[in-house]
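Peer 1: Given the coordinates of chain A, work out where chains B and C should sit on it, guided by the hints.
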Amino acid sequence: MDYFIELLFGGLTRGSIYALIALGYTMVYGIIGLINFAHGEIYMIGAFTSFIVATVLSIYGFPLLAIVVIAAVAAAVWSSAYGFTVEKLAYRPLRKAPRLAPLISAIGMSIFLQNYVLLAQTSDFLPFPELIPEFAFMEPVAHIVGSSDMVILVTTAVVMVALTCLIKFTKIGKAMRATAQDKTMAVLVGVNVDRVISATFIIGSALAAIGGLLIASHIGQINFYIGFLAGIKAFTAAVLGGIGSIPGAVLGSLVLGLTESFATGYISSDYEDVFAFSLLVLILIFKPSGLLGKAETKKV
Amino acid sequence: MQSGLKKKLLVAALSLGFAMAVPVAGMASDTIKLGVAGAQSGDLASYGLPTVKAAELVVAMYNAKGGINGKKVELLIEDDVCKPEVATNTATKLVTDGVHVVLGHICSGATKAALPIYKEAGVVVMSPSATNPGLTQSGDYPNFFRTIASDDAQAQTEVDFAINVIGSKKIAVVHDKGDYGKGLAEFAKKFIEESGKAEVVLFEGVTPGAVDYTAIVQKIKRKGADTVIFGGYHPEASKIVSMIKKKRLKVTFISDDGVKDDTFIKVAGKNAEGVYASGPNDNSANPLSTEAIDAHKKAYKEDPGAFYENAYSAALALLNAIEKAGSTDMDAIVKALQTEKVDTPVGKIHFDARGDAVGVGFAMYVVKDGKYVEVK
Amino acid sequence: MFPVKELKRSALISLWFAFLTFPIMVIKVDPIERIVHWRWDNMFFIAFGSFVLSILAKVFMIQKERRASRKKRKIAAEPLIQRIAREPRFLYPLVVACFAFGVSFPFLFSTYQTNIMTTALMYVVLGLGLNIVVGVAGLLDLGYVAFYAVGAYSYALLNLNFDMGFWAVLPIGGLLAAFLGVILGFPVLRLRGDYLAIVTLGFGEIIRLVLENWNAFSQGPSGIANIPRPGFFGMEMTFAGGITYIYYIVLVLVVITIFVVNRLQNSRLGRAWLALREDEIACQAMGIDKTKTKLIAFSLGAFWAGFVGVLFAAKTTFVNPASFTFLESAIILSIVVLGGMGSIIGVIVGALILILLPEYLRALSEYRMLAFGAILVIMMVFKPEGIISNVRRSYKFKGTNTPEGEIHE
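Protein sequence lines, in the order shown, are assigned to chains A, B and C. Under our numbering, the residues of the first sequence are numbered 1 to 300, in order. Under our numbering, the residues of the second sequence are numbered 1 to 376, in order. Under our numbering, the residues of the third sequence are numbered 1 to 409, in order.
Hints should not be assumed to be uniformly reliable.
Taking lysine-lysine pairs in the PhoX-like style, the calculated list, with each CA pair at most 25 Å apart, reads [stated by the list, open to error]:
1) 294/A to 290/C
2) 383/C to 96/A
3) 197/B to 169/B
4) 64/C to 96/A
5) 287/A to 383/C
6) 223/B to 189/B
7) 65/B to 341/B
Please keep in mind that the hints were generated in silico from the structure rather than gathered at the bench.
For reference, chain A alone in the conformation it holds in the complex (with noise of 0.2 Å):
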């Protein structure tokens, strides 16, 4: 039983990480319909902010708490920077281009994003300081449970529930459902879309940005390449739950995220995307739209 809960706990804490990066592809493809092949560099960059900041102020001797929450900002910040960047540079133009048009500019974004931050940097992996600190309530559970399991669980559920109010009672997430509902429409009742696909970006950037910060913070180094296979794996999440729909990422993140767990522990770690992948290909051909999505009838 206690091997059970272990992978379960190792399934959630995984699939927290993958929702965090899965909103992002969502919500831009809820309302832009572009799969931002980009995203996984976001989280990246988001990673590698926090890691200079932090590694920078440690050095000048801030206490723990302090270096925490700067870094989490200024890596928020910074992603979101390069979120809105990216999409006005890369997508905008293209809003009215061929369908693929978009995607070859986002996988291009993609490479070139990777190699600036291995150029800039460096192509080693690099010690990503202890940010969680192990708690001492923790100890006695930590063989299960972790005190960065915990603190990554505890702070995604926190962020969706502040995005689901976000979503729901603002203007600006008014605005994004009504945008995601039907452009045209949402353009004559005063919406204004470029603001919104712009807010899109950016709020999606700084959910990478936090998931960056954890994840680096709990498996402890960082480089270049580590915003590919994640962003593959939370894009595949994105689209298990139903992209373009928030619930959605969450639920397919978290199903992916156990999937994968319990695989390697019951089965095997060799075949581990495998599983990953044929999970997501069985969904598909049962639920064409994903776990939550919506399925749509085009009407002539």
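Peer 2: For chains B and C alone, coordinates are given in the frame of chain A:
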């Protein structure tokens, strides 16, 4: 318009052609051409660049002495990014340029792809770092030699150490699904089973770059392993090691040459303490080794990188064989490599009939106070 | 003249980039030695560079707009290549010249050049194959490399286990890939565009992972070595001869592919694909069997990939799973989109550029991939339809006194 366009095309094609055709010139061999092939860019560049530097230093030394039998040595340096499909291009380029012997390639996969091309052209190849056993043991490549011991020798060292020194009974063998890591892990598994003194409780691969390794560590714990033998490189090793510490698991961690790298200690920090890793024999007592390292420091103002001594030795062995054979004919060089002993930074070596260096082996190291020290 | 307002805007942009790149470009920390390097000069370069670039981009945009407004008056001019392609008078000599150049290539250049050109031509075929799926039928396939892998491994394995020769496996490799295309396509082709993308991506990864993990079947990550080159009536060939020989095989394959793809596009099936890409519902109303048509596109695309896969294995004489990653799929897809979706000439040009450029850009070394990514973005932003876009087939009256009748001057 038609003729204008055609003219443009013709000019473009011709100029392209001339640009490409230049390296073909100069086939007459008034120099000895030593090719250097390996990863010189991309993510594995750090494994290939030290070999280039070693070759440059050895060649400069030979040329200062007046070359080999009156001929100067010329270097041809080509990048293969450690990819098999690029390696065939690289090999073709070197052969086209009339290379006599090649120092390389760095990765086993790339070497395997390139060797048939050299074999047909009658070129002797010596790698400082390709450890795949099949390269020498299959007998397919009579023109291949190496100055590093093969993976099975390394796995044997690790397993002997685990069973006889540590006294492991239940061993989890984990690898990174890669060419090098998985090959090594398979040999380790085989040797453990053959020894009969310990059992393999787990044999699995982890996905490099995955966001979290909790599940595999929980599984190691559940299987009751007392020792983990890991085949792969340092990024995964440090993630697993720190996860093992986080989950309060007490196991001995033994790994390989890919982990016996100072970056591992930097990244894993205090979690690295007590990790064992196998690596090439410690040559610091050998005066030639000191000399080679000093030459590097003098020329490049930094410490040499991975496989530097092996590459330095390989370059020496190759050039020595040409000198002793008195020709660049493949059979003559092969014979000289097998019979003539040569003093190198990795010891006084010659090569056996399969192409492995005699007298090159592995030793075990342990991380102590942030440094690798040899286990006596 | 360049207005002051634009200068102000450029100054703002350069400030923004200075801020944006601050942590990554300016600060470099050494966490072991605990030293921070402040590289302020980088910030200056970034600010200056983005200032200049933003002005250049603006100038370019203004000119583009001007040209566009001028064009409107003169009836949209077709791109040069399209005009050449339309006129047999120009087209045939050009094709003959290209073909002659292709045939004489190994005699003009070194073995190494021939070898690279062979690689580039293989990508031409891959691009044309994927073009059927993505460009013509509009099905976004991100796992195309899986079929390529199937071809390569079918030669490697059939040769290893049953000692089958290259020519026997060549069709088998293609058919196996096509068969796999049908098997995969059957369940997933009902998915909408982007769902299809991720499923094919997943499928590509699954194939690679299976090859990597199933040692008993594929020898795992260490790959299969010593795959023989194609034989020529049992003759032993020298190394250079072998490369030239493969070059000609690929060249013939390219010609066949161009011919087949061109015929296909003009066939009933090809038009059905085009129509399906534009509007599925209207197609069904016109009596086109949606699933069947899509399946044919998918498996035909896979067929070419399998073909080239066999050639790949024969050329490198070694295969391992590392050659079949997602990046490879992305590059083939980039060839199609960059060249111009649905356009055969475009795909050929795209493949030659994307495959030969990195070989000749070796001088740029570590900036190579950075430049590659930037070029993809810039190309898409300024020419989203590709280098040589496909012109829609259109019919015009060459009748009595309509001015449109005089386009073909």
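Peer 1: Could you run down the list of hints and mark each one as holding or not?
Peer 2: Okay, the hints, checked on the actual structure:
| no. | hint | in the structure |
| --- | --- | --- |
| 1 | 294/A to 290/C | holds (22 Å) |
| 2 | 383/C to 96/A | holds (12 Å) |
| 3 | 197/B to 169/B | holds (7 Å) |
| 4 | 64/C to 96/A | holds (17 Å) |
| 5 | 287/A to 383/C | violated (37 Å) |
| 6 | 223/B to 189/B | holds (16 Å) |
| 7 | 65/B to 341/B | holds (20 Å) |
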